[in-house]
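Undergrad: Residue-level listing of the chains:
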Amino acid sequence: KAGVTQTPRYLIKTRGQQVTLSCSPISGHRSVSWYQQTPGQGLQFLFEYFSETQRNKGNFPGRFSGRQFSNSRSEMNVSTLELGDSALYLCASSSGLAGAPDEQFFGPGTRLTVL
Amino acid sequence: GENVEQHPSTLSVQEGDSAVIKCTYSDSASNYFPWYKQELGKGPQLIIDIRSNVGEKKDQRIAVTLNKTAKHFSLHITETQPEDSAVYFCAASIRGTYKYIFGTGTRLKVLA
Numbered sequence: 001k002a003g004v005t006q007t008p009r010y011l012i013k014t015r016g017q018q019v020t021l022s023c024s025p026i027s028g029h030r031s032v033s034w035y036q037q038t039p040g041q042g043l044q045f046l047f048e049y050f051s052e053t054q055r056n057k058g059n060f061p062g063r064f065s066g067r068q069f070s071n072s073r074s075e076m077n078v079s080t081l082e083l084g085d086s087a088l089y090l091c092a093s094s095s096g097l098a099g100a101p102d103e104q105f106f107g108p109g110t111r112l113t114v115l
Numbered sequence: 001g002e003n004v005e006q007h008p009s010t011l012s013v014q015e016g017d018s019a020v021i022k023c024t025y026s027d028s029a030s031n032y033f034p035w036y037k038q039e040l041g042k043g044p045q046l047i048i049d050i051r052s053n054v055g056e057k058k059d060q061r062i063a064v065t066l067n068k069t070a071k072h073f074s075l076h077i078t079e080t081q082p083e084d085s086a087v088y089f090c091a092a093s094i095r096g097t098y099k100y101i102f103g104t105g106t107r108l109k110v111l112a
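Chains A and B supply the protein sequences, listed in that same order. To convert, note that position 64 of the first sequence is 64 in our numbering; the numbers rise steadily by one, no gaps. To convert, note that position 51 of the second sequence is 51 in our numbering; the numbers rise steadily by one, no gaps.
Just chain A, with the same shape it has in the complex:
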């Protein structure tokens, strides 16, 4: 079974630009979560999607948005990039079954650098 894939693996952008990151979950998984990982703040939850609907949301500004497609693939968008958005963005997939959090499997991440 193929693991979680994220594209691209590396991105360099300048302040003010926008960026879109992509995540393909494990086959059969319907839940996709996004995290921002930085040395100072650790892993911070951005949002979680299930069946094309945002089900949970972290405490990030509206510049961070996402969506999920009918095949469970998910994209994350960051608009008006700031230097502080430089981070490793991780995607995690799980079955998403209602009523019980279950194992999350992480992708390798997308390293975003904002200049």
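It should be emphasised that the hints constitute simulated quantities derived from the structure, not laboratory data. Hints should not be assumed to be uniformly reliable.
Unchecked claim - Below, in silico cross-link-like pairs of lysine-lysine (DSS-like), each with a Cα-Cα straight-line distance of 30 Å or less:
| id | chain 1 | residue 1 | chain 2 | residue 2 |
| --- | --- | --- | --- | --- |
| 1 | B | K22 | A | K57 |
| 2 | B | K71 | A | K13 |
| 3 | A | K57 | B | K71 |
| 4 | A | K57 | B | K99 |
| 5 | B | K37 | A | K57 |
| 6 | B | K42 | B | K109 |
| 7 | B | K22 | B | K58 |
| 8 | B | K42 | B | K57 |
| 9 | B | K109 | B | K68 |
| 10 | A | K13 | B | K42 |
| 11 | A | K57 | B | K42 |
| 12 | B | K57 | B | K68 |
| 13 | B | K37 | B | K99 |
| 14 | B | K42 | B | K58 |
| 15 | B | K99 | B | K68 |
| 16 | B | K68 | A | K57 |
Here the structure is a predicted model, which means the values were calculated and not measured.
Following the hints, put chain B in place on chain A, whose structure we already have.
TA: Just chain B now, kept in the frame of chain A:
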């Protein structure tokens, strides 16, 4: 708000010794507690997890214990090996949600 504290931030042990990492969570509604290992350049990998209806779980050299009353859980690695060197994260999931709060990580170094 929801918070997970993790200690220590760094830990060095001799090969063959045991390592213990501790986490404390704030939300009593948390009911699922996974542990992840992250190696350089890779995403976190789930190594063991425990649910709130269980007090202890073991998988070969790795074990996790949970004390719901004190709201803390611990990772125990026995007979450590150099390949155990990595950053370890604990996390807690809030009951009824798929929102996970992570600890700040522990960098484990196993000295040969």
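Undergrad: Against this structure, judge whether each hint is valid.
TA: Verification of the supplied hints:
no.	hint	verdict
1	B:K22 with A:K57	holds, 27 Å
2	B:K71 with A:K13	violated, 42 Å
3	A:K57 with B:K71	holds, 24 Å
4	A:K57 with B:K99	holds, 8 Å
5	B:K37 with A:K57	holds, 24 Å
6	B:K42 with B:K109	holds, 17 Å
7	B:K22 with B:K58	holds, 16 Å
8	B:K42 with B:K57	holds, 26 Å
9	B:K109 with B:K68	holds, 29 Å
10	A:K13 with B:K42	holds, 22 Å
11	A:K57 with B:K42	holds, 24 Å
12	B:K57 with B:K68	holds, 14 Å
13	B:K37 with B:K99	holds, 19 Å
14	B:K42 with B:K58	holds, 25 Å
15	B:K99 with B:K68	holds, 19 Å
16	B:K68 with A:K57	holds, 26 Å
Of the numbered hints given earlier, the model fails hint 2 alone.
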